[in-house]
Structure formats: C-alpha cells, structure tokens
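If you read the protein sequences in the order shown, they are chains A and B. What the first sequence shows, in our numbering, is residues 1 to 272, in sequence order. What the second sequence shows, in our numbering, is residues 1001 to 1283, in sequence order.
If you're looking for bench data, these hints aren't it; they were derived computationally from the structure. In this text the structure is predicted, and so the values were computed from the model without any measurement. Treat the hints with care, as some may be off.
Ranges of calculated distance between the beta carbons of each label pair, as one might list FRET restraints [stated by the list, open to error]:
1) E1121/B to E72/A: 39 to 49 Å
2) T1018/B to D8/A: 27 to 37 Å
3) T1241/B to P270/A: 19 to 29 Å
4) D123/A to E1156/B: 49 to 59 Å
5) P1257/B to K253/A: 42 to 52 Å
6) P144/A to L1157/B: 40 to 50 Å
7) A79/A to N1171/B: 30 to 40 Å
8) W1078/B to P270/A: 40 to 50 Å
Subject to a maximum C-alpha distance of 16 Å in a straight line, what follows is the list of computed EDC-like cross-link-like pairs (lysine to aspartate or glutamate) [as the list claims (entries may be wrong)]:
9) K100/A to E1138/B
10) K1215/B to D61/A
11) K4/A to E1138/B
12) K10/A to E1138/B
Covered stretches of chain A, going by a simulated chain B footprint (3 or more residues, C-beta under 8 Å) [what the hints assert, rightly or not]:
13) 4-11
14) 20-26
15) 88-96
16) 102-111
17) 211-219
All C-beta atoms in this analysis are idealised placements derived from N, C-alpha and C, irrespective of residue type, glycine included.
Residues per chain, in single letters:
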Amino acid sequence: MTQKQYSDPKPPAALIELQQWMQNAVRAPHLSPQSQKNSDAYITSSNRQNASQRLNIYLNDYWPRCLDSLAEDFELLKAYWGEKSFDRWMEAYLLAYPSKNFTLFYLGKNLLTFLEAHYSLADKVLVLELARYDWALCLAYMQPESPRFDPQVLSEAQKQNVASLPLQLHPSVTVLAMGHGIRQWKNSSKKPFQKKKTYAIVYRLNGVVYDEPLEMGLFEVLNLFLQPTSLEACLERLENKLGPKHLVKAEEKMERWFKTAVEKGWFVRPSL
Amino acid sequence: MKKVLNMPYLGFGVGLRTEHYDDFLHGSPKVDWLEIISENFMLGAQRPQYYLDAFKERYPIIPHGVSLSIGSSDPLNWDYLHTLKKLVKSVKAPWFSDHLCWTGVHGHNLHNLMPLPYTAEVASFIAQKIRIVQDFMEIPFIFENVSSYVEFQQSELSEWQFISAILQEANCGLLLDINNVFVSGFNHHFDPQEYFKEIPLEHVVQCHIAGHTHKGDYILDTHDHDIIDDVWKLYEGLIPTLGDVSILLERDDDIPPINELEEELDKARNIYAKVKQHDTKAV
C-alpha cells in the first residue's frame, strides 16, 4: 500500500516571526538587552510582571532543564570539572549544538565532537576520555535491543563453521582505550587520576548496564567487530597487526574470550 | 451530555514514572489506567520496553506526548509521527494526547511547552495540522491546554475562544488540565469558572489534576506538590457538567511513594462518586 500524501498547511507569517524571535530569546543563556527591549513588542505586561520578566520564566526553565539533563548524562565529566566549569562548558555546547531531537536522551550526542573542536586545555585527552566513557554508559542504556548471537540456535552445519560466521558488536556495546584509569577513578571516590593505558567495555545485558575492564588483546579483537567480521578474518587481521609471536598468545586466549563475549551478549549476527 | 468523541471511560489513572515501575510490576496499586510519556518509549531502549510490555497486559495505557509541537510553524515531523504510531498501536491505545503548544522551530527542540498567540488564523492553522495527524494516526487525538506565563501582543482571542475554535474546526478531543486553567488564570488574571463556562465541554475526553508551585508573582506548573484545595474545588464543580471522563493524576517531580498517590487518587474518586450520587438523587 502506498503512503498517503499529506501537505502541511501554510503557517501564518506572524506566527513564524514570533516563534523565531522567542526561540532565539529563550536559547540565549541570559536575557540580552536586545531581547528585553524586544519583549514589549511581542509580550504584554501584567500588573505583577513586565514583558521581559514573563519571558525570563521560559529561560529559567530551558537552561536548568538542559543543564540538569547533561549533568545526569555526563556524571564523570561533571565530577572532574565541578559544577561551575561544567555548566560553563555545557552552555557553550548547547549554543553550538542545540537539541534537535524529540527527547533529551540525545542532548549530549555531539558533546565529544564539540570538545574535540573547542577544548584546548592541557587535560584535553583526559576530558575527552571522561566524556567518551559517560556517553558509552548513556548509549548502553538507550540503544535498541537486537537478538544476541547464540551458538545454541545454529544449524549443525553452522556449528561446524562458527569461525567463519560474520558477527558484530551489539549496538549497546562500546569498547574504550584510555590513557588514564577512568574506571578506577569512577569506582574509588574520585582519587587522583592514574596515567596508564587502560581498556574497558560498556554494555547492556538483560536491561542492566555494565562497565568492565578489558585485557588489551581482547580490546584489539573486539575493536575489529565494530564492523561485521568473522573470527577467521579477525585472526588474519591480528596476524598482520601483531605479528606471529603475539598472535599465538592471542589465539590461546581466543577461545576463552569468545566464550565470555557470547555469555555476556556482546555479539549479534549482522542483518543481511 | 452528548460527547463529540465516543471514547471508553477508563476511570482513575496516574502518570507512569520510573520510580513506580516495580510497584506496578510486583504489586497491584489501586490505579485503573496508566498514562505514559510517549517519547520515553519511542527510543526502543530495552528497559522501558520491558516494563511497557509487562504493563500493557494489565492496564489500559494512553501515550501522552511532549514533542509533537502541533503549534509550531515548522512542518509536521513525519519521523516522529511514524515512531509514535508504532507505539500507539503497540499499546492498543483508544486515543493519544499531546499539548496545545510548540516546542521549537527550524527543527530545534526547546523541551518546553511554549505558548501560542491566540488568533483565529493560528487556530485554523493548528486545526488543519490536527486533522492531518488524526488521519495519519488512525485514532483520535486529544490536546491538553497548557499553563502559560506570557500573553502575546498579537492575541485577539481569549484562551477559551482559541481552544474552542480549534476543537470545532479539527473535531478532536480535549484533555482538560484543571490545574493548568487555575495556573494560567492566576498568571493572566482570568476566572477559571468563566473558562469552564465557555469551553465546549462535550469535547473533553480526559482530565488532568496536579499540583503546582506558587512563586509570588506567578504560579509555575511544576507537578511537584499535592493538589491544592482551590483546584480540588474546581474539579468538584466541573464533574457534574462533564459526564464520564477519565481522570489522571500527574506527578513529575518530588515523586512520592505510590501509596501516597493512591491516597490522592482515592480523594479524586470519592469526590467524583459523591458528586455523581448527589447528581443522580437530584434527578
């Protein structure tokens, strides 16, 4: 059946102008002198409040709502920066990337891009790692469910050739390589950061979000499954990358890693 | 009263909030139906979906949105509507609702229920959009009157005239939020009784009752307190004129334990029963 075609009615010109003006006024972090001046042109005063005071009620709703939502989603970043610095950066972020989604859950989706482009202080690497970790936790909660790879439901022929089956990471999974002990910091009442190479995985299983440390080798392997690939192809690529000596070690561990990954639902079979 | 829309009477419900998921999953709170924030269940995230699947077998569920933005000068967002339609179908809702407001223009979302200028031209524009939405969704749409904090220079109608014009042209239902009428009445110096007298009540399918925060110069619709006596009085006065409408208690912040909401809902039930009984005797 073909989709019925609808044509939107033409909006009144005065409505377009009013909404454009009000959106700009509300999205300014503070009521600008220009907005205050223009308020009277659009908004009436009451006997208790003038036009700009009435408009200000909407600013006082927009900013705390957005900042609270970002604070919920970027807990580590806020804990590291402190509230004042966090709010200042988030204000700048919201001005650059205002929400274009029907839900606040995606408000922070461009934060990494923003920080990469605009944050230039000495701790930039750490800040990006914290933001990436926070966002991985958000994604693990939000990403839609899809059927996990289950070797038990394979046909006999497929069971004989598991290594050749294409697999991919579940949408809720993010693997992270970091230059700081972010996970340890998160779990240890925010002691000073340890500068060391660490790896972690963030994922969801049965509705619960987990973050766990990873061995470097397993990180390398899982990283290959960001795109559909098979265990066979994965080993071939690892051989090229690590060289035969390290590959032997990786192969030894592969069976254990694969079992863990399947048990924890990290793989899906890519849709054809 | 002959209703414009022949909708089922659902009784007394509450807005479903995460704080009460386990109460509904493991217990049987005295609640007849649930209203969900549509957008929270439109992401396909597993946890909300898990609970929704469990609840939809046990309660009538009505999706209540905050981002349809029916009053925006932007075109309708078809991605949003397609996702919403899937949700509405999945819970077998007899109707769905959103607010008479706009939430952004040029694709942006202010995540707030922004007020509209009350003109005949804007009313007609919105009514045409509602007709399209209802036709696409294939079930009735009802809109909620919002609390507002500004009035616009270009407004030429009262809020009730504006709402009446939309209801008549769009032939849709009204979700009458009694608290919002009280809040806007204080903020804009009108008498809620006059509002109720002028609104075509035969369009009312559902009512919201809720608490608010008095800020001195204005009232903010915060849904974080118990319902105040003045709003209960408005509710009591309205019931005899409304016929059977589904009642929904809203709470969005400082959310109390479910038993406290049950008590407040019981109060709404008792007032309803008392007024109805009195009404029957009078006949």
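Hints versus structure:
1. E1121/B to E72/A: 39 to 49 Å: holds, 40 Å
2. T1018/B to D8/A: 27 to 37 Å: holds, 35 Å
3. T1241/B to P270/A: 19 to 29 Å: Because 59 Å falls outside the window, the suggested range is violated.
4. D123/A to E1156/B: 49 to 59 Å: holds, 56 Å
5. P1257/B to K253/A: 42 to 52 Å: About 49 Å separates the Cβ atoms of P1257/B and K253/A, which means 42 to 52 Å holds.
6. P144/A to L1157/B: 40 to 50 Å: Check passed, 44 Å falls within 40 to 50 Å.
7. A79/A to N1171/B: 30 to 40 Å: violated, 53 Å
8. W1078/B to P270/A: 40 to 50 Å: violated, 28 Å
9. K100/A to E1138/B: violated, 27 Å
10. K1215/B to D61/A: Holds, at about 14 Å.
11. K4/A to E1138/B: holds, 12 Å
12. K10/A to E1138/B: violated, 23 Å
13. 4-11: With 6 residues in contact (Cβ-Cβ under 8 Å with chain B), the coverage given for the segment 4-11 of chain A holds.
14. 20-26: Coverage by chain B holds here, the residue count being 4 at a Cβ distance below 8 Å.
15. 88-96: Violated - the segment 88-96 of chain A has 0 residues with a Cβ nearer than 8 Å to chain B, which falls short of three.
16. 102-111: holds (count 4)
17. 211-219: Contact hint for the segment 211-219 of chain A vs chain B: violated, 0 residues under 8 Å.
Violated hints for the displayed structure, listed by number in ascending order: 3, 7, 8, 9, 12, 15 and 17.
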